[in-house]
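Each chain is listed here by its residues.
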Amino acid sequence: MELDATARMARLTLTPRDLEKLGKAVEQMLRYFSHMKEIDVDGLAPTTHALLRENRVRADHNEASQADALLANAPQREERFIVVPNVL
Amino acid sequence: MKRHAAQPGRASGALEWRGLASTGPGRGKWKTFAEARDAELGCFLQLDPELGQDGSSDSGPLAGTPFGVKDNIAVRRFRLTCGSRMLRDFVSPYTATAVERLQKAGAVVAGKTNLDEFGMGSSTENSALRETKNPWDPRRVPGGSSGGSAAAVAAGIVPFALGSDTGGSIRQPAAFCGVYGLKPTWGSVSRFGLVAYASSLEVIGIVSKTVDTASQAFEVMRGQDPLDHSSLPWQPQPRKDGRLRIHVPRECATVPMHEDVTKAFEKTRSMLRDLGHTLEEVSFPTFEHVVSSYYVIATAEASANLARFDGVRYGHRTASSDNPEQMTLASRNEGFGDEVKLRILLGTYVLRSGFQDEYYMRAQKIRTAIRMDFEKAFAGADLVLMPVYPVPPFARGSADSDPFSQKLADIFTCSANLAGLPAMSFPASVENGLPIGMQFLAPPFAEDLLLSACRQVEEVFPSPDAPGYPAGWS
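Protein chains in written order, with the numbering used here: chain A, 1 to 88; chain B, 89 to 562.
Just so you know, not all the hints are guaranteed correct.
Facing chain B, from chain A, some residues (calculated, C-beta under 7 Å) [to be verified]:
no., residue
1, Thr6
2, Met9
3, Ala10
4, Arg11
5, Phe33
6, Asn73
7, Ala74
8, Val84
Chain A regions said to be covered by chain B (calculated; three or more residues, Cβ under 8 Å) [said to hold, decoys possible]:
no., stretch
9, 20-28
10, 42-56
Computed list of lysine-lysine pairs in DSS-like fashion (alpha-carbon distance at most 30 Å, straight line) [said to hold, decoys possible]:
no., chain 1, residue 1, chain 2, residue 2
11, A, Lys21, B, Lys221
12, A, Lys24, B, Lys221
13, B, Lys464, A, Lys37
14, B, Lys192, B, Lys119
Don't read these hints as lab results, they were simulated from the structure.
Glycine included, every Cβ here is placed at the ideal spot set by N, Cα and C.
Between the sequences and the hints, there should be enough to build the whole structure, so can you do that?
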């Protein structure tokens with residue numbers, strides 16, 4: 001199932017051990033999923049959410065900033081900037 | 089109050105929990121007991137009732153009552169690890185609405201309970217951070233993914249604990265530990281502060297030692313929340329008393345079940361008949377497809393929800409990397425465990441262009457058929473009865489249940505999530521020294537009916553006490 005290509009899309013790089021172990025597990029699940037072909041779904045609309053009937057939005061206003069608390073969890077930081085490796 | 093020595097498998101009366109985590113006279117004894125039990129069983133990833141007192145009201149119906157919170161639900165100043173190396177050191181800057189409402193009612197967070205990483209599993213063995221043992225038999229798993237919550241309640245550390253249920257993650261561990269597990273109607277409890285795994289399926293719910301405790305906590309937690317746009321206003325259903333019509337899916341008989349579960353299932357049916365209810369076997373044509381539909385949808389949503397862990401703003405970051413892309417790849421590889429990687433891979437695959445119709449779209453159409461099966465059932469019945477899990481609590485170390493079998497075993501639980509229905513598991517029997525649970529499913533917002541049906545069963549068969557219960561502080 002082109003595990004490598006799927007892994008790249010999922011932003012995972014798999015070691016040879018992962019490819020072996022997870023590859024088998026993925027194949028097993030996909031084989032199991034293939035039984036879904038047996039059921040007739042003609043005329044059925046897809047359900048994305050069982051009970052959600054409307055989309056709500058919240059009021060557009062400023063809220064108290066939690067920036068400091070959020071920044072406290074950043075893995076690497078210089079003052080109020082999050083540090084990442086060089087992009088260019 | 090003086091209490092006679094407990095006999096495992098027999099139920100003790102209600103214990104007095106109010107005030108224990110604040111100013112109650114039993115506080116010191118309770119804390120010593122909680123710490124000792126937790127050291128034996130590994131229920132908590134962080135046990136800190138002092139820290140928990142911050143933010144709780146001094147008065148209210150639950151004043152000073154300690155409770156556990158599954159560690160994928162945010163509590164300010166507590167860690168929020170999701171049982172993952174990815175979030176091992178993450179400290180939550182805010183508190184989930186469900187927790188906040190309990191705190192306003194006076195309840196006190198005792199600590200954060202262990203879970204399968206990001207809620208993915210049925211044994212709590214997928215936690216990267218701690219092993220949790222079943223209080224009935226430490227060689228066995230407590231179930232999962234809310235295994236720490238269920239074990240903490242069954243061990244007598246807390247009277248209730250919050251869990252999340254995406255495909256059975258509250259009901260299955262509750263059943264494995266001999267306590268109650270309420271999975272509310274999808275949207276009825278705010279998920280603000282719940283780390284997302286599969287958003288169209290999951291809900292925050294309750295593991296508890298008594299039905300009344302679940303009822304009390306649910307009443308406090310439920311209702312629409314402006315901070316969760318998927319939360320729904322509470323829509324109570326007219327109360328139904330007296331004789332209930334209960335449907336049992338005929339297809340349950342097609343699932344290979346352990347003889348102890350079969351026995352408990354039979355006992356429950358005859359108990360319900362003795363209580364005056366009518367039981368009828370009805371066919372659910374979609375039954376054999378629920379697990380496929382569930383895993384396609386759950387993994388698809390997981391692959392999207394877990395894309396946020398990139399090593400940039402929070403969470404694990406690899407020690408050294410040359411560029412941002414390599415940093416993200418390495419951080420995710422190091423941070424996630426095997427089961428999480430498997431589900432991300434599967435979810436990414438079923439969403440790939442060219443495969444979507446075959447998997448994701450088809451699963452969503454089957455989901456519609458599953459919903460229709462239940463709508464049909466509830467046109468002629470008040471409740472649906474099913475076992476929770478086909479086997480009793482299994483041995484730790486996957487000796488008698490591999491990860492694939494564990495997924496297939498979600499067959500009784502995941503349909504409630506696909507259809508958004510409330511469901512509640514209850515202890516039904518103790519067979520060969522291990523608790524076996526059954527569950528009721530009900531129409532949306534019929535939690536009152538679920539609770540009253542469980543209360544009736546409770547009067548005949550209350551939650552059996554695990555060895556070591558009641559708590560040593562009582």
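Hints versus structure:
no.	hint	result
1	Thr6	holds (5 Å)
2	Met9	holds (5 Å)
3	Ala10	holds (4 Å)
4	Arg11	holds (6 Å)
5	Phe33	holds (5 Å)
6	Asn73	holds (4 Å)
7	Ala74	holds (6 Å)
8	Val84	holds (5 Å)
9	20-28	holds (count 5)
10	42-56	holds (count 11)
11	Lys21/A <-> Lys221/B	holds (26 Å)
12	Lys24/A <-> Lys221/B	holds (29 Å)
13	Lys464/B <-> Lys37/A	holds (23 Å)
14	Lys192/B <-> Lys119/B	holds (22 Å)
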